[in-house]
Structures are given as C-alpha cells and as structure tokens.
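Asker: For reference, the chains in residue letters:
2 protein chains.
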Amino acid sequence: MISKSQISFIKSLQQKKIRKEHGLFVVEGLKSVSEFIHSHYTVDTIYYIENVMPKLGNLSHNIKPIEISISELTKISALSSPQQILALVKIPEHRTLTTQMLKGCFTIALDGIQDPGNLGTIIRTADWFGIKYLVCSGDTVDAYNSKVVQATMGSLSRVHVSYTNLDKFLEQADVPVFGALLEGNSIYKTEFGSEGILILGNEGNGIRSEISRRIQFPVTIPRFGEAESLNVAVSASIFCSEMRRNS
Amino acid sequence: MISKSQISFIKSLQQKKIRKEHGLFVVEGLKSVSEFIHSHYTVDTIYYIENVMPKLGNLSHNIKPIEISISELTKISALSSPQQILALVKIPEHRTLTTQMLKGCFTIALDGIQDPGNLGTIIRTADWFGIKYLVCSGDTVDAYNSKVVQATMGSLSRVHVSYTNLDKFLEQADVPVFGALLEGNSIYKTEFGSEGILILGNEGNGIRSEISRRIQFPVTIPRFGEAESLNVAVSASIFCSEMRRNS
Numbered sequence: 035m036i037s038k039s040q041i042s043f044i045k046s047l048q049q050k051k052i053r054k055e056h057g058l059f060v061v062e063g064l065k066s067v068s069e070f071i072h073s074h075y076t077v078d079t080i081y082y083i084e085n086v087m088p089k090l091g092n093l094s095h096n097i098k099p100i101e102i103s104i105s106e107l108t109k110i111s112a113l114s115s116p117q118q119i120l121a122l123v124k125i126p127e128h129r130t131l132t133t134q135m136l137k138g139c140f141t142i143a144l145d146g147i148q149d150p151g152n153l154g155t156i157i158r159t160a161d162w163f164g165i166k167y168l169v170c171s172g173d174t175v176d177a178y179n180s181k182v183v184q185a186t187m188g189s190l191s192r193v194h195v196s197y198t199n200l201d202k203f204l205e206q207a208d209v210p211v212f213g214a215l216l217e218g219n220s221i222y223k224t225e226f227g228s229e230g231i232l233i234l235g236n237e238g239n240g241i242r243s244e245i246s247r248r249i250q251f252p253v254t255i256p257r258f259g260e261a262e263s264l265n266v267a268v269s270a271s272i273f274c275s276e277m278r279r280n281s
Numbered sequence: 035m036i037s038k039s040q041i042s043f044i045k046s047l048q049q050k051k052i053r054k055e056h057g058l059f060v061v062e063g064l065k066s067v068s069e070f071i072h073s074h075y076t077v078d079t080i081y082y083i084e085n086v087m088p089k090l091g092n093l094s095h096n097i098k099p100i101e102i103s104i105s106e107l108t109k110i111s112a113l114s115s116p117q118q119i120l121a122l123v124k125i126p127e128h129r130t131l132t133t134q135m136l137k138g139c140f141t142i143a144l145d146g147i148q149d150p151g152n153l154g155t156i157i158r159t160a161d162w163f164g165i166k167y168l169v170c171s172g173d174t175v176d177a178y179n180s181k182v183v184q185a186t187m188g189s190l191s192r193v194h195v196s197y198t199n200l201d202k203f204l205e206q207a208d209v210p211v212f213g214a215l216l217e218g219n220s221i222y223k224t225e226f227g228s229e230g231i232l233i234l235g236n237e238g239n240g241i242r243s244e245i246s247r248r249i250q251f252p253v254t255i256p257r258f259g260e261a262e263s264l265n266v267a268v269s270a271s272i273f274c275s276e277m278r279r280n281s
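Protein chains in written order, with our numbering: chain A, 35 to 281; chain B, 35 to 281.
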C-alpha cells in the first residue's frame with residue numbers, strides 16, 4: 035500500500051533537482067535492484083509486488099520493504115512495462131576522482147553527452163571492460179536519471195561516475211590523454227599502453243575546443259563506408275575494446 | 035496546408051501494418067531526408083516548414099513538396115522535437131539477398147532484435163564500416179519503424195535490410211558463419227578473413243538454438259569486468275571493427 039503523496043514523491047524523482055534535494059534516485063527491475071543491494075550503495079526503500087521479495091534473499095534491516103499492487107507499481111514506474119520491483123537508492127557522497135586514481139588504468143571522460151541511453155550504455159560497456167571510472171563535464175546528462183540507470187542494467191552500481199570541470203581535471207592529469215576525433219591517427223595503429231584517459235564528445239558537436247586542446251593523442255576509428263559519424267556509445271565501445279585487447 | 039485526413043494517415047504510418055499496406059514510411063530531418071532523396075529510394079511527398087526547401091536543392095518533379103506550419107509538423111511528427119521536414123518514402127520492392135551477394139564481403143544476420151534503437155544503431159554502424167547487407171529473422175523489428183529510421187541517421191538509405199527465414203538462409207550460405215556468443219573463441223584471436231556472416235541474437239535471449247547450430251565459428255568479446263552482457267548494438271560495433279581492422 036502506498037499513499038498518494040508517496041506516489042507523487044517517487045514520480046518527482048524523475049527530476050534532477052528533486053533527486054539532488056532528497057539525495058535519492060530510482061532503480062527498477064529485479065536484476066538491477068539486486069545489484070544495488072549488493073553494492074556500496076545504500077538502498078532506502080523497496081516497493082515490490084507479491085512473490086518478488088523471496089528472490090532478493092535476506093535484506094539488511096535498514097531497507098524498508100513495502101508491498102504494493104501492480105496498479106500502484108504502474109503509477110510510480112518510469113517504464114512502459116514496469117518490472118515487479120522499484121527501489122529508492124541513496125545518491126552517494128560526491129567522491130572526487132583524484133589524479134592518483136588514474137594511474138595504471140583507463141578512465142573515460144565525457145564532454146557534454148546529452149542522451150541518457152548513450153550514457154547508460156557507456157557505463158554498461160565500461161563495466162564489461164573493467165573500466166572503473168567515468169568523469170563527466172557538468173553539462174553531461176545526470177547518471178541518476180532513470181533512463182540512464184535503466185540502460186546501465188545494474189552496472190551503475192559498480193562504475194564510479196563523477197562530474198567536474200573537465201578542463202581543470204585534464205590539466206592536472208599525468209597519464210596519456212587520448213581523444214576520439216574524426217581526424218586523428220587510426221585506432222588500429224595506436225598503442226594505448228596500460229593507462230590513460232579517453233575523451234569522448236557530445237553527440238552533435240563533438241569535443242569542445244577548450245577540452246580538445248588537452249588531447250595528446252587524437253585517435254580515429256577509420257571509416258570504410260558512408261555514414262557521417264558513429265553513435266558515441268558505439269565509439270566508446272570500440273575504444274574500450276581496443277584499449278583492452280592487449281591487456 | 036495539410037488536411038485532417040492526411041495528418042491521421044501520416045500518423046497511422048507508425049504502424050507496421052499500415053506501412054506495408056501503403057508501401058510508405060516516414061523519414062524526418064533535413065539530413066536524413068536529403069540522403070533518401072539522393073539514394074535509390076523514391077521519395078513520394080515532402081512536408082516542410084518555411085525556408086527549408088532551398089536547402090534541398092532541385093527536386094525531382096516526382097516529389098510532391100507541401101509547405102506546412104510548425105504546429106502542423108508537430109502533429110505529424112513522431113519526434114518530441116520535430117525537425118523542420120518530414121518525408122513519405124516508398125518502401126522498395128523486396129530484394130532477396132542471394133548467396134552470391136555474400137561473397138567477398140561481410141554480412142550481418144540479426145536473430146530477433148526487438149529494440150528499434152538497437153537496429154537503427156546497427157544499420158548506422160554497418161554503414162560506417164562499409165557493410166552493405168543486413169539479413170533479419172522475420173520477428174526482428176521492422177527497419178521502416180520510425181525509431182529505427184531515426185537512429186540510422188540516414189544510413190538506411192544505403193544499407194540493404196531484408197527479412198527472411200534465417201535458418202534456411204544460413205543453410206544455403208557458402209561463406210564462413212560467425213556467431214556472437216558468450217562462450218566462444220576470443221574475438222582478438224579470431225581470423226575473420228575477407229568474407230562471412232556474423233549472427234547476433236536477441237537482446238534478452240541471444241541466438242535461438244535452431245540458428246546457433248549454423249554457427250561455424252563461435253566468437254566472444256572477452257569480459258574484463260562484471261557486467262552480465264553487452265548491448266547488442268555495442269557487440270555488433272566491436273565485431274564490425276574487428277572484421278575490418280585488417281582490411
């Protein structure tokens with residue numbers, strides 16, 4: 035059972051401002067909720083329909099479980115096909131990515147990514163390839179946006195996403211800085227070594243000039259056909275694979 | 035100026051059944067419409083708002099141009115932010131992919147892809163990598179679905195997509211058949227040669243057993259982290275890149 039005010043509160047969490055104010059975001063679906071429960075995140079409340087709870091195993095006593103009807107779930111869900119369970123999860127304290135954390139690994143820097151599906155897919159792909167850190171410009175879409183959370187398929191519980199002034203961040207970084215550009219050296223001839231930052235730019239406009247001046251190694255995915263560009267999540271994936279293929 | 039019945043007709047083209055019945059589909063946006071005009075497709079009607087037509091150059095006299103208002107465009111558009119121009123384009127006659135067309139190139143076979151964004155992104159990526167043919171199982175989402183068309187960013191005008199009985203099609207193919215599976219040989223150690231078919235499966239269930247028995251070379255993208263799977267358009271992209279890197 036859920037009150038009208040709870041319903042409208044949960045729906046209001048689709049707005050970034052409200053998420054920030056209350057420090058909460060929404061996770062939907064059994065697999066994703068389960069991964070957040072078993073992560074460093076703190077799950078606050080779980081709204082579930084009959085018979086779903088046993089699949090989650092023993093829950094910490096800090097989590098409030100609330101059984102609701104399917105029609106109530108439909109009201110609070112942001113999905114067109116709600117998935118049995120919805121959790122409110124606490125947004126963790128902002129952890130800045132230090133330059134020390136960049137050593138010995140690959141980090142993805144995103145400059146102004148707008149599409150939630152793209153960010154979510156990049157987070158999921160980073161998780162597959164064992165990339166732990168994403169650092170985003172302040173105008174990149176919020177990682178706690180429900181469409182982003184959904185597209186990560188639980189990977190947001192493992193990949194650390196932070197927002198910062200990318201220009202200043204890159205100025206201080208002392209690992210190689212690669213940039214995905216339309217005119218650069220072929221990705222197939224690039225030695226990525228064992229550490230570095232890969233910058234990917236906005237869907238329509240690419241990487242801003244004040245950010246691209248920080249690129250030490252401009253890299254291109256060669257084009258064999260006629261498409262004008264690649265989707266940014268597709269580019270990110272091909273870069274992740276190339277950075278990892280020799281490791 | 036556009037009549038009420040035209041508005042409802044154009045909106046009805048969001049349904050596959052109606053598209054099939056009338057042999058028409060919708061393309062939106064200046065870049066995409068322009069690419070269809072300069073392709074083998076036949077553009078039937080263009081609905082445009084003031085000042086857009088000059089950007090398209092001289093049009094064939096077979097195309098009916100109709101100027102409409104922004105509010106009319108909003109009514110016929112499937113986009114949340116309509117893009118100045120919308121065209122009705124003829125669905126071409128079904129061209130079967132012959133086994134001869136498979137020789138000397140790579141072809142992508144899709145088994146039950148459901149998400150329009152995924153199919154659109156795969157078409158766009160195929161176009162980037164110069165892959166000309168996609169062959170899909172009958173239950174794969176329709177390539178003329180407006181979300182697919184949108185995600186291809188014009189690439190649908192160049193990549194040939196056909197629907198068939200995949201099992202029979204693969205039985206007759208005489209090029210190597212690769213399959214993207216979770217358990218196969220590493221993609222980094224696979225020699226793709228210069229021709230072949232790559233099979234990719236449904237988002238949730240992968241490749242059906244009756245299709246997977248046709249796979250001669252099961253191939254896997256190695257996992258370095260913890261995500262359970264990769265998005266299918268992401269897998270397709272990494273495969274396209276690997277198939278092309280030595281060519």
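Mixed in with the good hints there might be a few duds.
A pair counts as met if it fits within one copy or between any two copies, since identical chains are not told apart.
[Unchecked claim] List time: in silico BS3-like cross-link candidates among lysine-lysine, alpha-carbon distance up to 30 angstroms:
id, residue 1, residue 2
1, 50, 202
2, 89, 38
3, 38, 223
4, 166, 65
5, 65, 202
6, 223, 45
7, 51, 89
8, 223, 54
9, 65, 54
10, 38, 137
11, 137, 45
12, 109, 202
13, 98, 50
14, 223, 137
15, 45, 181
16, 181, 223
17, 202, 54
18, 202, 89
19, 181, 50
20, 65, 181
Keep in mind that the hints were calculated from the coordinates and are not lab data.
Asker: Hint by hint, note whether the structure agrees.
Answerer: For each hint, the structure was consulted:
Taking CA atoms no more than 30 angstroms apart as the test, residue 50 paired with residue 202 passes inside one copy only; the shortest distance there is 24 angstroms, against 50 angstroms between copies. In the homo-oligomer, the alpha carbons of residue 89 and residue 38 lie at most 30 angstroms apart inside one protomer (28 angstroms), although the nearest pairing across protomers, at 52 angstroms, exceeds that limit. Taking identical chains as interchangeable, the C-alpha atoms of residue 38 and residue 223 are never at most 30 angstroms apart, the minima being 59 angstroms within one chain and 57 angstroms between chains. In this assembly of identical chains, the alpha carbons of residue 166 and residue 65 lie at most 30 angstroms apart only when taken from the same copy (20 angstroms versus 37 angstroms across copies).
Taking the shortest Cα distances, residue 65 and residue 202 never come within 30 angstroms of each other, neither inside one copy (37 angstroms) nor across copies (36 angstroms). In this assembly of identical chains, the alpha carbons of residue 223 and residue 45 never lie at most 30 angstroms apart, being 48 angstroms within a copy and 48 angstroms across copies at closest. Taking the shortest Cα distances, residue 51 and residue 89 never come within 30 angstroms of each other, neither inside one copy (33 angstroms) nor across copies (40 angstroms). In this assembly of identical chains, residue 223 and residue 54 lie within 30 angstroms of each other by CA distance neither inside one copy nor across copies; the values are 43 angstroms within and 46 angstroms between.
Taking CA atoms no more than 30 angstroms apart as the test, residue 65 paired with residue 54 passes inside one copy only; the shortest distance there is 25 angstroms, against 38 angstroms between copies. In this assembly of identical chains, residue 38 and residue 137 lie within 30 angstroms of each other by CA distance neither inside one copy nor across copies; the values are 49 angstroms within and 62 angstroms between. Taking the shortest Cα distances, residue 137 and residue 45 never come within 30 angstroms of each other, neither inside one copy (40 angstroms) nor across copies (53 angstroms). In this assembly of identical chains, the alpha carbons of residue 109 and residue 202 never lie at most 30 angstroms apart, being 43 angstroms within a copy and 45 angstroms across copies at closest.
In the homo-oligomer, the alpha carbons of residue 98 and residue 50 lie at most 30 angstroms apart inside one protomer (23 angstroms), although the nearest pairing across protomers, at 44 angstroms, exceeds that limit. With identical chains, the CA atoms of residue 223 and residue 137 are at most 30 angstroms apart both within one copy (23 angstroms) and between copies (28 angstroms). For a Cα distance limit of 30 angstroms, the shortest separation of residue 45 from residue 181 qualifies both inside one copy, at 13 angstroms, and across copies, at 26 angstroms. For a Cα distance limit of 30 angstroms, the shortest separation of residue 181 from residue 223 qualifies neither inside one copy, at 36 angstroms, nor across copies, at 35 angstroms.
Taking identical chains as interchangeable, the C-alpha atoms of residue 202 and residue 54 lie at most 30 angstroms apart only when both belong to the same chain, with a minimum of 24 angstroms there against 54 angstroms between chains. Taking the shortest Cα distances, residue 202 and residue 89 never come within 30 angstroms of each other, neither inside one copy (45 angstroms) nor across copies (40 angstroms). With identical chains, the CA atoms of residue 181 and residue 50 are at most 30 angstroms apart both within one copy (12 angstroms) and between copies (26 angstroms). For the homomeric pair residue 65 and residue 181, the shortest alpha-carbon distances inside one copy (16 angstroms) and between copies (27 angstroms) are both at most 30 angstroms.
Comparing the model with each numbered hint stated earlier shows that hints 3, 5, 6, 7, 8, 10, 11, 12, 16, 18 do not hold.
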